[in-house]
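**Student:** Starting from the given sequences, assemble the full structure and let the hints guide the process.
These protein sequences, in sequence, are chains D and E.
Under my numbering, think of the first position of the first sequence as 1, with each following residue one higher.
Under my numbering, think of the first position of the second sequence as 1, with each following residue one higher.
Hints were generated in silico from the structure; no laboratory data involved.
As the structure is a computational prediction, the values presented were derived from the model and not from experiment.
Possibly wrong hints are sitting among the right ones.
Here are the simulated DSSO-like pairs of lysine-lysine, each with C-alpha atoms no more than 27 Å apart in a straight line [stated by the list, open to error]: (1) E:Lys235 with E:Lys216; (2) E:Lys306 with E:Lys235; (3) D:Lys105 with E:Lys309; (4) D:Lys105 with E:Lys228; (5) E:Lys228 with D:Lys7; (6) D:Lys104 with E:Lys309; (7) E:Lys228 with E:Lys306; (8) E:Lys216 with D:Lys7; (9) E:Lys235 with E:Lys309; (10) E:Lys228 with E:Lys216; (11) E:Lys306 with D:Lys104; (12) D:Lys105 with E:Lys235; (13) E:Lys228 with E:Lys309.
Stretch by stretch, here's where chain E covers chain D in the computed footprint (C-beta under 8 Å, at least three residues) [claimed, not checked]: (14) 14-20; (15) 28-36.
Note that the Cβ used here is the ideal one computed from N, Cα and C, for glycine as well.
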Amino acid sequence: MGVDGRKTSNWWTVWGLLILVWAGFPLVWMASLAFKSPETFRDGVPTFLPTEWTWQNFRTVFSDELFTSALRNSAGIAVIATVLSVIVAMFAAYAIARLAFPGKKLLLSMALAIAMFPQAALVGPLFNMWRGLGIYDTWIGLIIPYLTFALPLSIWTMSAFFRQIPWEMEQAAQVDGATAWQAFRKVIVPLAAPGVFTTAILTFFFCWNEFLLAASLTSTDRARTVPAALSFFTGASQFQSPVTAVMAASVVVTIPVVVLVLLFQRRIVAGLTSGAVKG
Amino acid sequence: MTTIEKPPPAAVSPPPSPSGEPKKAHASDRLRHERRLGLRLSAPAFLVMILVTAYPLGYALVLSLFKYRLTDPAGREFVGIANYATVLTDPIWWSAVATTAIITVASVAIELVLGFCFAWVMYRIVRGRSFVRTAILVPYGIITVVSAFVWRYAFQLDSGFVNQWLGLGTFNWFGDRWSSLFVITLSEIWKTTPFISLLLLAGLVQVPGELLEAAKVDGATAWQRLWKVVVPNMKAAIMVAVLFRTLDAWRIFDNPFIMTAGANDTETLSFLAYRQNVTLVNLGAGSAVSVLLFLTVVVIAFIFIKVFKTDLSQVRGDR
Chain D
1 MGVDGRKTSN
11 WWTVWGLLIL
21 VWAGFPLVWM
31 ASLAFKSPET
41 FRDGVPTFLP
51 TEWTWQNFRT
61 VFSDELFTSA
71 LRNSAGIAVI
81 ATVLSVIVAM
91 FAAYAIARLA
101 FPGKKLLLSM
111 ALAIAMFPQA
121 ALVGPLFNMW
131 RGLGIYDTWI
141 GLIIPYLTFA
151 LPLSIWTMSA
161 FFRQIPWEME
171 QAAQVDGATA
181 WQAFRKVIVP
191 LAAPGVFTTA
201 ILTFFFCWNE
211 FLLAASLTST
221 DRARTVPAAL
231 SFFTGASQFQ
241 SPVTAVMAAS
251 VVVTIPVVVL
261 VLLFQRRIVA
271 GLTSGAVKG
Chain E
1 MTTIEKPPPA
11 AVSPPPSPSG
21 EPKKAHASDR
31 LRHERRLGLR
41 LSAPAFLVMI
51 LVTAYPLGYA
61 LVLSLFKYRL
71 TDPAGREFVG
81 IANYATVLTD
91 PIWWSAVATT
101 AIITVASVAI
111 ELVLGFCFAW
121 VMYRIVRGRS
131 FVRTAILVPY
141 GIITVVSAFV
151 WRYAFQLDSG
161 FVNQWLGLGT
171 FNWFGDRWSS
181 LFVITLSEIW
191 KTTPFISLLL
201 LAGLVQVPGE
211 LLEAAKVDGA
221 TAWQRLWKVV
231 VPNMKAAIMV
241 AVLFRTLDAW
251 RIFDNPFIMT
261 AGANDTETLS
271 FLAYRQNVTL
281 VNLGAGSAVS
291 VLLFLTVVVI
301 AFIFIKVFKT
311 DLSQVRGDR
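**Tutor:** The following block contains the structure:
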């Protein structure tokens, strides 16, 4: 690459910086509000950055049972739904990638249909059914629909990963004297683990983010997740603007997302692109 | 640093049974075993999907034929298609259709262009590649409700900086339909462009480099190369990305709920279904809205698949 090439490459980096700003700017704004004093908004001319920085909002949200219970619910429900969804999808994805069986097409079409399905069409019947079954406003009442709606993405992503595994190696290991279990555990599991793990991250994002079902199928802090709790949060007292506290809570729930993205950027990109278009 | 790997040529799905199987009877035995295993392994997924979506949808269909409010369970009576007639003659329904359509068309169109630019930058950038890819995943992963609050507070009079920066004084963004829709769409675009750009990037890496080189040698301008080589070669990826994003935008709920609570005609179809079913517990008419919402999605998917011939075999994984 000559001088010319290097110059073009620099331009791409400049455009990359713009994308960085585009993605990061709202986060800076969020953090800025989270560190403002709740009294800031009285004088009428809001500034972008806080005039005085304070931890007060974080203290407010962490001393509020509404938020702490929502945080517990969100984490518990998202983790359990992710694990269950990944297990169910793993079986299906293995079958799709490795086996010839009737109903494979149907399974894939159903997954496609559910990926397109408007969840809002289910809030009425689920609301009614869950009340009848006694699982309205419980963890399990959210885990069931979450794991269902996460299935298509999990199945696609994992079957795409599974197709790339050199399965012959399992037999090769057995020829070399390993037992079937050893061959599976020592050869296949390490090869399949990254795909399963990536799928789990994407599924977790989905469950962590979900709002419509959370708002429809919960009513108290027994099962209300963070997005639903935020939407009903009115502030520490009715005389105080809820803005800064909501943003402090937002910062807290965005941290896990940023950490996962920083740690597993490459895997997430591979998972999103493979599941969707490579097939 | 890895780039997205190109897909394996003609994806080698392993042969159903390992070769070197001598007897035919044996092989068919194996085949039967394989079929049974396949069905068993996919049974949980089948079961869950049917129980949680198909069954409640059928239930909604039944409920939609009744006059039924949870606040008045005794007044439940069969009314046939009266609920549908009520919904379809109500301006609220049509306003929700219009609002949803406006948000969908605007956000998907802008995201397609913006997402393509992002994909192109991610494809070409050398220095800072992983930074850009990391940054772009943050909006993808962030909670939509959080994004809605962040943008709402940026535009809201008592807390926002937008009016100060643009010198708009006390202009109330949430005081009228169009400015509200603008802010809602902005939040939607910020949050979901990364998804569409990654799908487009996956299509972009599949465009054969030799074709681009050849076109360059033949003297095609950058613009011609884009429209004559790149776009036609990633048509499948573009259509899939647009279909998925369209149906996703059509379900929009979080942003209008948080930003306007449906004020000034900003209620979307999902929002309407939620309000009828959950807030008003009017399960009869609410179910009619649910069924109609489902039908609109079927129509959109049908148009994409039959009229625009979107090839979903790649997505479904059955090629």
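**Student:** Would you mind marking each hint as holding or not holding in the structure?
**Tutor:** Cross-check of the supplied hints:
no.	hint	result
1	E:Lys235 with E:Lys216	21 Å, holds
2	E:Lys306 with E:Lys235	15 Å, holds
3	D:Lys105 with E:Lys309	19 Å, holds
4	D:Lys105 with E:Lys228	34 Å, violated
5	E:Lys228 with D:Lys7	26 Å, holds
6	D:Lys104 with E:Lys309	22 Å, holds
7	E:Lys228 with E:Lys306	24 Å, holds
8	E:Lys216 with D:Lys7	19 Å, holds
9	E:Lys235 with E:Lys309	11 Å, holds
10	E:Lys228 with E:Lys216	12 Å, holds
11	E:Lys306 with D:Lys104	22 Å, holds
12	D:Lys105 with E:Lys235	24 Å, holds
13	E:Lys228 with E:Lys309	20 Å, holds
14	14-20	holds (count 5)
15	28-36	holds (count 3)
Checked against the numbered hints given earlier, the structure breaks only hint 4 and satisfies all the rest.
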